[in-house]
Amino acid sequence: MALAPHNTSQLEALHRDPALHESTYVHAVYDSIADHFSQTRYKPWPIIAAFLASLAPGSIGLDSGCGNGKYLPLDQGGKIMLVGLDRSLGLLAHAQWAGGKERHVVRGDVMNVCWRPGAFDFAISIATIHHLCTLERRRQAVQALLQAVSSSDGRVLIYVWATEQDELSKRIVPVDPEKAGEKVQDVFVPWKKAAVQRANGAGTETETETELHQRYYHLFTKDELGDLVREAAKCLGLHILQGEDSSESNGLRIVQEGWERSNWYIELLLTTAGA
Amino acid sequence: MVKLITHNLLCCHARGCNYPDNFPLTFKDVTQLEVREADYNAEFLQKMMPRLEWKALVDTAKELGDTSLPAEMPEGDAVDEEFLRRLHHVLLEVHVEEGAMYCPKCEHKYPILQGIPNMLLAEHEISR
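So the protein lines, in turn, are chains Z and U. First residue of the first sequence? That's 1 in full-length UniProt numbering, and the numbers climb one at a time after it. First residue of the second sequence? That's 1 in full-length UniProt numbering, and the numbers climb one at a time after it.
Where hints are given, some of them may not hold.
Claimed, not checked - Each computed EDC-like pair below joins lysine to aspartate or glutamate, with the alpha-carbon atoms no more than 16 Å apart:
#1 Z:K101 <-> U:E93
#2 Z:K79 <-> U:D39
#3 Z:K101 <-> U:D39
#4 Z:K79 <-> U:E125
#5 U:K3 <-> Z:E102
#6 Z:K101 <-> U:E43
These are calculated hints, taken from the structure and not from any lab test.
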């Protein structure tokens with residue numbers, strides 16, 4: 001499946017009013033495909049499952065952009081707790097009862113901090129930040145994650161879709177005609193919903209109609225997620241700590257980063273000076 | 001299903017509001033309050049206690065009619081099973097289904113509908 005790049009007028013519209021672009025091509029789409037979307041279940045990526053399993057009992061975390069809440073049940077048998085944040089009420093209705101139990105969910109924007117500063121022990125943001133359509137908005141979303149977790153030992157894990165897709169994803173990212181050899185990054189990803197079933201004539205046969213929805217994605221290139229994190233850290237006055245560096249300033253350590261199953265990921269640890 | 005554990009994390013994020021003046025949000029117009037059993041996990045409760053803003057929790061529980069928690073957060077041996085069961089009930093089993101939360105400073109209203117608190121603000125209302 002080849003992903004459709006934005007044409008010139010769509011790119012213009014995106015930059016003229018990014019919030020409207022997201023409202024049309026992200027929020028409205030998820031609200032209308034929410035029920036169908038939630039029937040498609042996937043196993044959690046191994047690195048996300050391992051991250052959640054490594055948390056200390058009693059940890060409270062934020063799942064920023066929780067969608068249908070597929071990660072909310074991974075609460076390690078009740079030893080940790082996850083609070084799901086999303087903008088789509090349609091998806092939150094599913095997240096509220098994800099895995100057959102009552103979960104903690106809040107309606108809000110991933111770029112805002114509607115929490116006490118540092119209220120959480122950890123935060124995850126899985127397949128969410130790529131739905132924000134300008135660099136500034138993506139940076140704000142990362143800043144909101146860094147502000148939501150404890151500045152002394154908060155942990156953050158971020159996943160976004162990559163321009164580098166493997167054969168399992170079945171998605172083909174076209175080359176940008178404007179930039180030789182580089183792939184397009186602002187794309188529409190179709191969602192086919194075979195939902196409308198109508199009785200045909202005598203009512204014995206059914207006809208299936210396909211509804212097509214286009215979701216906006218910003219695909220990340222190699223190093224783009226790391227650069228975004230560095231910029232967000234800089235805006236918050238956080239130093240990037242390397243090696244044995246335990247300097248006087250408050251900092252952020254990149255614990256691991258890489259590519260897994262068509263996604264770029266990065267794991268972060270906040271530390272306080274002198275700790 | 002705004003439980004008090006979630007409420008204890010939330011803050012007003014309107015322009016001009018800063019911690020701690022914007023915390024805790026005040027419940028008002030609560031038309032539906034439900035108590036539903038939740039799985040009890042002593043280890044989780046014990047270890048997450050330091051994360052809580054204790055006074056905000058006690059005061060908010062009182063406003064909702066529950067006076068079972070002590071004014072000071074217990075320590076050491078006082079953190080026994082009886083106390084943890086009470087804490088579990090207040091944090092995880094009391095649900096505000098319909099109502100609203102108001103900022104104690106700017107009085108911005110965050111409605112709760114079908115158990116989901118709406119923390120969205122219009123672009124011009126947000127503090128950055």
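In rising order, the numbers of the hints this structure does not comply with
Hints 4 and 6 contradicted; others consistent.
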